[in-house]
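6 protein chains.
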Amino acid sequence: MSLPHLLVEKAVRAGLLEDLGRAGDITSEAVIEADALANCALVAREAGVLAGLDFARTAFAMIDPAIKFEARIADSARLAPGDTIAKIDGPARGILTAERVALNFLGPLSGIASATRGIADAIAHTEARITCTRKTTPGLRFAQKYAVRCGGGANHRFGLDDAILIKDNHIVIAGGIRAVLRAAKRHAGHLVKIEIEVDTLAQLAEALDEGVDAVLLDNMSLDELRAAVEMIGGRAITEASGRVTPETAPAIAETGVDLISAGWLTHSVRVLDIGLDFRA
Amino acid sequence: MSLPHLLVEKAVRAGLLEDLGRAGDITSEAVIEADALANCALVAREAGVLAGLDFARTAFAMIDPAIKFEARIADSARLAPGDTIAKIDGPARGILTAERVALNFLGPLSGIASATRGIADAIAHTEARITCTRKTTPGLRFAQKYAVRCGGGANHRFGLDDAILIKDNHIVIAGGIRAVLRAAKRHAGHLVKIEIEVDTLAQLAEALDEGVDAVLLDNMSLDELRAAVEMIGGRAITEASGRVTPETAPAIAETGVDLISAGWLTHSVRVLDIGLDFRA
Amino acid sequence: MSLPHLLVEKAVRAGLLEDLGRAGDITSEAVIEADALANCALVAREAGVLAGLDFARTAFAMIDPAIKFEARIADSARLAPGDTIAKIDGPARGILTAERVALNFLGPLSGIASATRGIADAIAHTEARITCTRKTTPGLRFAQKYAVRCGGGANHRFGLDDAILIKDNHIVIAGGIRAVLRAAKRHAGHLVKIEIEVDTLAQLAEALDEGVDAVLLDNMSLDELRAAVEMIGGRAITEASGRVTPETAPAIAETGVDLISAGWLTHSVRVLDIGLDFRA
Amino acid sequence: MSLPHLLVEKAVRAGLLEDLGRAGDITSEAVIEADALANCALVAREAGVLAGLDFARTAFAMIDPAIKFEARIADSARLAPGDTIAKIDGPARGILTAERVALNFLGPLSGIASATRGIADAIAHTEARITCTRKTTPGLRFAQKYAVRCGGGANHRFGLDDAILIKDNHIVIAGGIRAVLRAAKRHAGHLVKIEIEVDTLAQLAEALDEGVDAVLLDNMSLDELRAAVEMIGGRAITEASGRVTPETAPAIAETGVDLISAGWLTHSVRVLDIGLDFRA
Amino acid sequence: MSLPHLLVEKAVRAGLLEDLGRAGDITSEAVIEADALANCALVAREAGVLAGLDFARTAFAMIDPAIKFEARIADSARLAPGDTIAKIDGPARGILTAERVALNFLGPLSGIASATRGIADAIAHTEARITCTRKTTPGLRFAQKYAVRCGGGANHRFGLDDAILIKDNHIVIAGGIRAVLRAAKRHAGHLVKIEIEVDTLAQLAEALDEGVDAVLLDNMSLDELRAAVEMIGGRAITEASGRVTPETAPAIAETGVDLISAGWLTHSVRVLDIGLDFRA
Amino acid sequence: MSLPHLLVEKAVRAGLLEDLGRAGDITSEAVIEADALANCALVAREAGVLAGLDFARTAFAMIDPAIKFEARIADSARLAPGDTIAKIDGPARGILTAERVALNFLGPLSGIASATRGIADAIAHTEARITCTRKTTPGLRFAQKYAVRCGGGANHRFGLDDAILIKDNHIVIAGGIRAVLRAAKRHAGHLVKIEIEVDTLAQLAEALDEGVDAVLLDNMSLDELRAAVEMIGGRAITEASGRVTPETAPAIAETGVDLISAGWLTHSVRVLDIGLDFRA
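Heads up: the protein sequence lines correspond to chains A, B, C, D, E and F, in order. Counting from 1, one number per residue, gives the positions in the first sequence under my numbering. Counting from 281, one number per residue, gives the positions in the second sequence under my numbering. Counting from 561, one number per residue, gives the positions in the third sequence under my numbering. Counting from 841, one number per residue, gives the positions in the fourth sequence under my numbering. Counting from 1121, one number per residue, gives the positions in the fifth sequence under my numbering. Counting from 1401, one number per residue, gives the positions in the sixth sequence under my numbering.
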């Protein structure tokens, strides 16, 4: 699992500049001697899955290259409470200055990975995979999508431009399923897949008749999902969405769908509690 | 409640460019006629508090100035399920293109405002106020802090540079409460306040003895908080933190503290469900 | 055919700032009166296809909103020598200042569209389409890909991240066609297509055996291409590359391939001669 | 021949971010092991002149500092087909990720250098030099002008602000050659040269009478050029433009002009074929 | 005294790109051999206080990392004429290229520090401190405020957002001192201080009655200042402004005010003469 | 006198974002009603020359397009104390928010224009002109050079790249005046002028012998200057530098030099006192 470092650098720089403002860390400068050193550990305070280590490493390095950052655990790994993620040693001022920005990336991204892992584990007895949506935080989509991968999830579209996803409103405005699918095929590049959202089996039948790469089965009951999977018979990739939780996911996955998507993985997830412990 | 439009513009532009990628909205371009029009409504699907309307307005305007955006409800207002927040009319393609970015600002910011409002209402019978922290999403702190204000909360520091907040690690590294407070006062500008985190009443006594603008009472029991408030006797602003929920907040507030702070308001909040309905 | 205006704006602003430097258009300021007006026409000096009108319009508008720009011809349209593309009237200084940047977008993009149209016309009697590559000018890929569409071409990948394209070097390093295809499928999101480059029919057979969305038939003879198309039998999209010119394209297209790709469309194309004529 | 590295860095970073998009090189990540190594050579596939090596070096270094880049040939050098330009060794993933961006700078810039060299060689028996124009790719003017220098050419203006160049339209709008030259001299800083475009010997006489640093003899016949050079008699630098090709250049140069300018050097040049060969 | 290096880097990069323009240092490239070396010293040509050394170090390092920069004196130190501030050795071209930008930061910032030190020394027999305003150079406020600290001054607000400062116009528009102070208190976060400008003792009485953190005594006579300090009696921080010079400052400080503010420290200060000497 | 608005916009946006920080104008938001209006006048409080009006206009417009800005005086005009420069009417909050940034451009730029005018007037009885240097504020060179023009001055180089200026250190390192001038001529483009700094008449003789466009006569006595002008006899432009003040300038100008340059015009100038008056 990897992420272009150029993207990480750009996001961390922006985060640090936001926090430093126009005067920098006036607390640490006022109360910590310039030559004070600290030995710290990045520690998981609860169980979960790690994501975003390069963001944390970069935050400390950008503030002071003299800070040593020694990772003990890699992204995608499961964390137990108390696990040391990394040892961080060096100038105390710099460590204190970078701490919050490092954690503001690491905690939420690990939260996304952990939530994704929760669903992934719950459906591990099936062939289905959990996937995310475009309901992400503006500016951080690349990072949140990466966190989903760290948690064992699959990525959906990264933007408006890398696949065609026809939603209910497109269908209504454009005049029906057949019309939109024909228009989409005329327009799509040869490496662009087409997915369409359907709410009923009747719509699904129409879409299959036209031919499509994937269908988004929105808010269907388990019975409808089973019927849909059967009707499709492998002719398209199947994605179920709506009311996905760790509790409901197994049953949805057992209907035979290929993917289960959940917006809350990226828009409403709880931070994973990770802290920076200073040693005496 | 207002927010500099220049900041909104910059964030929305970045969000749109992220979503448009290198090819733009290939779905809408493929399936929607260039001259198709749509009449839409931004609708609250659940109860809450609105925050971020200017982000949504700007997203639509940046994609197509021909889109009319008529707000019916202002930021900070309470929303009931089904409330129309704004009417949006104009070119269908542009509305569909901007929709997700508009909602990716509006939903999470309204989620923060709503969660803040929940605590604010729960402690409305006291003088205490709910406040946020620096545990925010990198790049969006200005927006999230604004959402806290929309929800009736107060803002804490905006960065490392606008107030001195001495945490436990500062105290340990710098050699005790008296030393850090003296150093802080020597360094602070005349418009910079100083707050210090204390974990025990003994630490509090020491801090009060030196004199300080505000004290952060971290993870104290209700009895300790009451004792702390009494010991302080108005000599410093009091902020309680740790395990704040709508359920625990009233009792904490009733101890007499001035502020209750909660990191989850900004780092772990649930999106408020707001949708864009297209009319036939 | 459309292009997000936000992307156009960003590119034009950068182009103008580059040309203005630190002192602006010192010639026009020195020799043209501030209130002098000019009536101009953007004129095609040779036959071709228009692409990039919004870049030109934006360049004039950014320099002086008082300049009127009235388009007579739309992107994708065929141009005959002498055709008036747009009438441009207003302050002479601003028109002279923006002229070169406007033309530096319009000429090369129309050149790409025209070259693409040349191939598209040459293969119009077949089902094949002409497509571009990632061999584009850094920073202007979105614009050049758009110009290809204006010329009747199809777009290939927009970047490293929107489709999997396995080249010969990937295969060599990763240990063969079967290995790379299996790895690719494990990794690919459900809306990501996979294409593989093959140089021989033996490689093709192996790829088809594993299953793949598209095959890039690199530098094959017409006989090999015909054999390849027959072997594939509709099981994958077919793309031929290598030595594509208006002369060779018809025969390549007649082999039955779906796509013909040519890097030179974007990396080596001749500008289309478009000029700005000033009327007395 | 050198180029400020800060400018190179900025352009390469933008080029890489464009190509990486939001997910990075999904092909290499899927099919190449993280620890796979590769030994490669940047090889000229045809004869020409090298330009842009620092762009290529920077692209590989930005993606992975572990990639070793050992140049064998310097910018401005002549390349024979098969020449190894540089050895590139290190992590295979990073090399594959950076390859296209590196080549998208190197190929077109070397193409410009090679074309310039072609003209420079053709006129080497005269005192004339070949020069470029402002007909460059928006955002890359500094790089393209550098490539012209690598090919033995001279640079014309870098923008609207570093010299006064009075074109035909300026003359028409401003009321004649005497008026524009007087206005230009009043306005120009003491280190700013003034050049004027003339189409006829009558115009030239008028310009010489007023005095000017350089004259652009636009689209004149060889006879006219000879007459112009004689009339000027060393009182101004002479630049000939219009229909310059390797075939026509020698005769133009032999008229005695100081400079021959050609827009196509930067706006319509063919890429130089340079490839990256992977060794087993 | 320190300054976040990320802020320094950003400002220096912008300064260098401004000076390099599109072609770089054409003089040094033309006349200095690429392998020429130089030994230089950054030397104070007059007495003063140093500020901005990291800007200078960064300018040389960004142009050529091979340049060695060895500081002999630190920011905030007093300089005597002839003092060597730093030794700079390495490639001559790079040193010459970076020189002006390095000095354009170092000279003006040291000028601010020196002027501040002048006032600070003049009032050193009192408890008063000299402070700056928001009358700074757009884009360089962080640097100029830092220079004030280097000169022994205190910083006022860094922007519109880090403290409430109610000026005369606010009072007029908002309806009087009581109204504005009550509004300010309702709005201010708990770490935000409130300062109000008063022109008369009557206004002061009103402000003290409402309670406020600090008062700006604008353009008062020495008698009025003394009366004001007495009336305040320690209930608010006192800041005197108006006609502050090294000559007037002692008397103002002796009135007992806490702070003396002067806009000219940052908006009208003379550069400190620092030069770069090349050794044979 | 004009300035590209795109450059103004970029600088003002950066200045406003710096001042707004992360929370905006918390004072005006707290104490001024959202619908309060104000009628203001931008007034000169001392005599001088105006420069930078478009910066001020843009600052108000960017904060609130509802603010009306009606200029009464144009850049380059002389101001008498009390002159109304512009009327500014509209929402009081926005006017108060933009005020400081508007003045932070207008005051210093008018200060530069006024100081330049002072010298220009002092030497108006000669043919000499006053000119600036590259000793400018990083990021604002374009604006400061414009202010010099508004004050009747001429501009020197805008950067390292628009002319060749050979300084004493170049000569020492490169091995003498003849060597550097020959190298410079080989390298310079045909629109690039060459100036050389000389300290003695012997150096001057050598430079004239080689031929050069301009000579910088550094720190020469009036007698030396006279001798230099005579020796040059019109063969090169002459620029005198060193110890230029309104008092010394006339005598320097009377020596017959073409230009007098002074770094302090841009690096050490006093702000011109311009204020914003609010009407009842």
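Please note that the accuracy of each hint is not assured.
Simulated crosslink set (EDC-like; lysine to aspartate or glutamate; CA at most 16 Å straight-line) [stated by the list, open to error]:
hint, chain 1, residue 1, chain 2, residue 2
1, F, K1410, C, E569
2, C, K727, C, E766
3, D, K1025, F, E1527
4, C, K727, D, D1117
5, C, K745, D, D1117
6, F, K1585, D, D1049
7, E, K1130, A, E127
8, D, K1025, D, D1049
9, C, K745, A, E127
10, A, K185, A, D209
11, C, K745, C, D778
12, B, K465, E, D1393
13, E, K1130, D, E1050
It should be emphasised that the hints constitute simulated quantities derived from the structure, not laboratory data. Quick caveat: nothing in here was measured; it's all calculated off a predicted structure.
Tested hints:
1. F/K1410 - C/E569: holds (14 Å)
2. C/K727 - C/E766: Since the Cα atoms of C/K727 and C/E766 sit roughly 15 Å apart, the hinted pair holds (cutoff 16 Å).
3. D/K1025 - F/E1527: Status holds; Cα separation ~14 Å.
4. C/K727 - D/D1117: holds (12 Å)
5. C/K745 - D/D1117: The given pair, whose Cα atoms are some 26 Å apart, is violated under the 16 Å limit.
6. F/K1585 - D/D1049: The hint is violated at about 26 Å.
7. E/K1130 - A/E127: violated (49 Å)
8. D/K1025 - D/D1049: With a Cα-Cα distance of about 14 Å, the restraint between D/K1025 and D/D1049 holds, given a limit of 16 Å.
9. C/K745 - A/E127: The hint holds at about 14 Å.
10. A/K185 - A/D209: Given that 16 Å is the threshold and the Cα spacing comes to 14 Å, the pair holds.
11. C/K745 - C/D778: The hint is violated at about 22 Å.
12. B/K465 - E/D1393: violated (34 Å)
13. E/K1130 - D/E1050: Answer violated: E/K1130 to D/E1050 is near 47 Å, above 16 Å.
Consistency with the previously given hints fails for numbers 5, 6, 7, 11, 12 and 13, ordered from lowest to highest.
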